[in-house]
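Chemist: Starting from the structure of chain E, add chain W where the hints point.
Chains as they are written, first to last, in numbering that gives the first Met the number 0: chain E, 0 to 333; chain W, 0 to 333.
Just so you know, the hints here were simulated from the structure itself, not pulled from any lab data.
Since the model is a prediction, treat every value here as computed from it, not as a measurement.
By construction, the Cβ of each residue, glycine as well, lies at the ideal position given by its N, Cα and C atoms.
Some clues are possibly wrong.
Not the full set, but computed from the structure, chain W residues with beta-carbon under 7 Å of chain E [what the hints assert, rightly or not]:
1) Gly43
2) Asn77
3) Leu261
There are 2 protein chains.
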Amino acid sequence: MLKFNEQQQIDTIQGALELRPTVEEIIDKVWDEGFDNVFYLGIGGTYASGMQAVTYMNGRSDLPVYVQHAAEYYTTGNRRLTEKSLVILSSVTGTTQEVVRAVKEMKEVGATLLGFIDKAGSILAELCDYVVCYEPLGTEQIKYFMVADRLMNRNGDFDDYEEYYAELDNYLAKGLVEAEKKADSFGLEFAQKHRHDAMHYFIGAGNQWGAVYSYAMCYWEEQSWLRSKSIHSAEFLHGTLEVIDETTPVTLFLGEDEQRMLSERVKNLLPRICANYTFIDTKDYPVDGISEKNRGRVLSYLLMHCVTQRIDAYVEKLNCHPLDIRRYYRQFDY
Amino acid sequence: MLKFNEQQQIDTIQGALELRPTVEEIIDKVWDEGFDNVFYLGIGGTYASGMQAVTYMNGRSDLPVYVQHAAEYYTTGNRRLTEKSLVILSSVTGTTQEVVRAVKEMKEVGATLLGFIDKAGSILAELCDYVVCYEPLGTEQIKYFMVADRLMNRNGDFDDYEEYYAELDNYLAKGLVEAEKKADSFGLEFAQKHRHDAMHYFIGAGNQWGAVYSYAMCYWEEQSWLRSKSIHSAEFLHGTLEVIDETTPVTLFLGEDEQRMLSERVKNLLPRICANYTFIDTKDYPVDGISEKNRGRVLSYLLMHCVTQRIDAYVEKLNCHPLDIRRYYRQFDY
Numbered sequence: 000m001l002k003f004n005e006q007q008q009i010d011t012i013q014g015a016l017e018l019r020p021t022v023e024e025i026i027d028k029v030w031d032e033g034f035d036n037v038f039y040l041g042i043g044g045t046y047a048s049g050m051q052a053v054t055y056m057n058g059r060s061d062l063p064v065y066v067q068h069a070a071e072y073y074t075t076g077n078r079r080l081t082e083k084s085l086v087i088l089s090s091v092t093g094t095t096q097e098v099v100r101a102v103k104e105m106k107e108v109g110a111t112l113l114g115f116i117d118k119a120g121s122i123l124a125e126l127c128d129y130v131v132c133y134e135p136l137g138t139e140q141i142k143y144f145m146v147a148d149r150l151m152n153r154n155g156d157f158d159d160y161e162e163y164y165a166e167l168d169n170y171l172a173k174g175l176v177e178a179e180k181k182a183d184s185f186g187l188e189f190a191q192k193h194r195h196d197a198m199h200y201f202i203g204a205g206n207q208w209g210a211v212y213s214y215a216m217c218y219w220e221e222q223s224w225l226r227s228k229s230i231h232s233a234e235f236l237h238g239t240l241e242v243i244d245e246t247t248p249v250t251l252f253l254g255e256d257e258q259r260m261l262s263e264r265v266k267n268l269l270p271r272i273c274a275n276y277t278f279i280d281t282k283d284y285p286v287d288g289i290s291e292k293n294r295g296r297v298l299s300y301l302l303m304h305c306v307t308q309r310i311d312a313y314v315e316k317l318n319c320h321p322l323d324i325r326r327y328y329r330q331f332d333y
Numbered sequence: 000m001l002k003f004n005e006q007q008q009i010d011t012i013q014g015a016l017e018l019r020p021t022v023e024e025i026i027d028k029v030w031d032e033g034f035d036n037v038f039y040l041g042i043g044g045t046y047a048s049g050m051q052a053v054t055y056m057n058g059r060s061d062l063p064v065y066v067q068h069a070a071e072y073y074t075t076g077n078r079r080l081t082e083k084s085l086v087i088l089s090s091v092t093g094t095t096q097e098v099v100r101a102v103k104e105m106k107e108v109g110a111t112l113l114g115f116i117d118k119a120g121s122i123l124a125e126l127c128d129y130v131v132c133y134e135p136l137g138t139e140q141i142k143y144f145m146v147a148d149r150l151m152n153r154n155g156d157f158d159d160y161e162e163y164y165a166e167l168d169n170y171l172a173k174g175l176v177e178a179e180k181k182a183d184s185f186g187l188e189f190a191q192k193h194r195h196d197a198m199h200y201f202i203g204a205g206n207q208w209g210a211v212y213s214y215a216m217c218y219w220e221e222q223s224w225l226r227s228k229s230i231h232s233a234e235f236l237h238g239t240l241e242v243i244d245e246t247t248p249v250t251l252f253l254g255e256d257e258q259r260m261l262s263e264r265v266k267n268l269l270p271r272i273c274a275n276y277t278f279i280d281t282k283d284y285p286v287d288g289i290s291e292k293n294r295g296r297v298l299s300y301l302l303m304h305c306v307t308q309r310i311d312a313y314v315e316k317l318n319c320h321p322l323d324i325r326r327y328y329r330q331f332d333y
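Isolated chain E, as found in the complex (with noise of 0.2 Å):
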């Protein structure tokens, strides 16, 4: 199979989950501490996932827990952001101009900065005041989802915690392997298809919203160089299906978290104005060992991910396009 690499892959995730007693250890005492409240605070793909953690947790919990922007921050500020306040944050390289702007004047304010910084001795690992160093790439999700799981615990959110862990430590690095596995043929039916569309659509709700719109910048638009959009499901009813005709490419994500039911209205419309849309939906990944009531929470955006993974793959072969290479991002100062 193109670009899998199946023990390195299950390595990668359950080395992820091995970084529980770690977080555990900082959200503990954060939490002993007291917070007034919580950001997760990023720029492009990291403020995605932020917006991820976010809505998983605002459907599960009453903790104030929100999505800061790294450049609204450090322009428009945010005065609710205080030296009480818990800031968590995430960086490939650890030098996102952005970020560390943004992370230089929280640390003024006396905001405690938990940070998982890829890369040991950044600027951003020694800006942060508690730092998580793990290296292997796509695992995003699965720290700040910890965070917001320990957080929840600790306010009584989430009973089933260790339970709901257990079955993680088991069974979630296998079973992403074989849902991949799964997704192999169609990733490579649908990268034919639709490697040179013009535009695409990426809809989306719930956890899903924050997966299209990251699908859409940061692998379609900034890796592959092809034409995208993200537009949330309940969005989408309210201007842009006026645009859309019987060859429009459109995908639509379908989570399992309760926004579906947003997704499903957009489901049912689609067959009726277009021809040319693809629905992936997570429910057609069964993953063993994993309760189907837990399945709304990380694993969700998981599978859909190991989903688009092929689809990546495959536009990469076929479009003669190296995925790590950009025209203007880094290349030159603006």
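Modeler: Only chain W this time, still in chain E's reference frame:
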């Protein structure tokens, strides 16, 4: 001038400004009774207006004010919206189904609902605790910012409140029609050049982010049936920039608030990677009688709307496409 009734537009703005004593009475009552959080409730265009008001307040106040998406409310919910919360909404028809559903649930929670409902007697007008009915279109932002301004005035964040509104009362309506006249030839030129674009990118930040979000979706997509994508200036630099080339149609909205610097980065970059860009800068539209320090408030948004209104008028005529017809929205059930 096409689709331009100067006296009617002046009367519309002046009439909206005359709602102020009513709005002040309501907000003062809510203020005196106390509240925990303020939510601007919306979907589609009203969601965009809510984003504008919230971004505006975040830069100037520590009041706990948030945007609440209507469909996300009745799915994911928001446990921080309580019986002590103030919810502000706006609707032209008073029947938007997702908003009706959210409002019904919020009433059960016991939140205080302030509705700017154009249509008296509609379901939303009946459901709200306080209703302000004013039919002329295009005044949603004035109302939303009026609420924001009174809240900030009561919170001690806006000492020059009376002086500011004296400027608006005396000079805003006339200033906007003069700006629209000034923008007319640009609107025609832009419409002629871009009315058949396969895709058009709109970029903005600050209170112009809600403006580009709404303009791309509610005007280009929904009304003109033209494909477009909105992207925040800071996010544009984290993905979307990679799909821009010489011929890509890109329009940057430059406003006058604290996020202007984020758009100026895009302004610096675009000429180096694209030869089909347009900058629309509200600074190019001086308004007599409005102080420089007050331009970054609602005026900046309203000036941009004057410019885009000229574009829309000419696109409608040249494309032989009436802006008030819909292919799908409210045409059948889904």
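Chemist: If any of the earlier hints don't hold here, list their numbers in rising order.
Modeler: No hint contradicted; all consistent.
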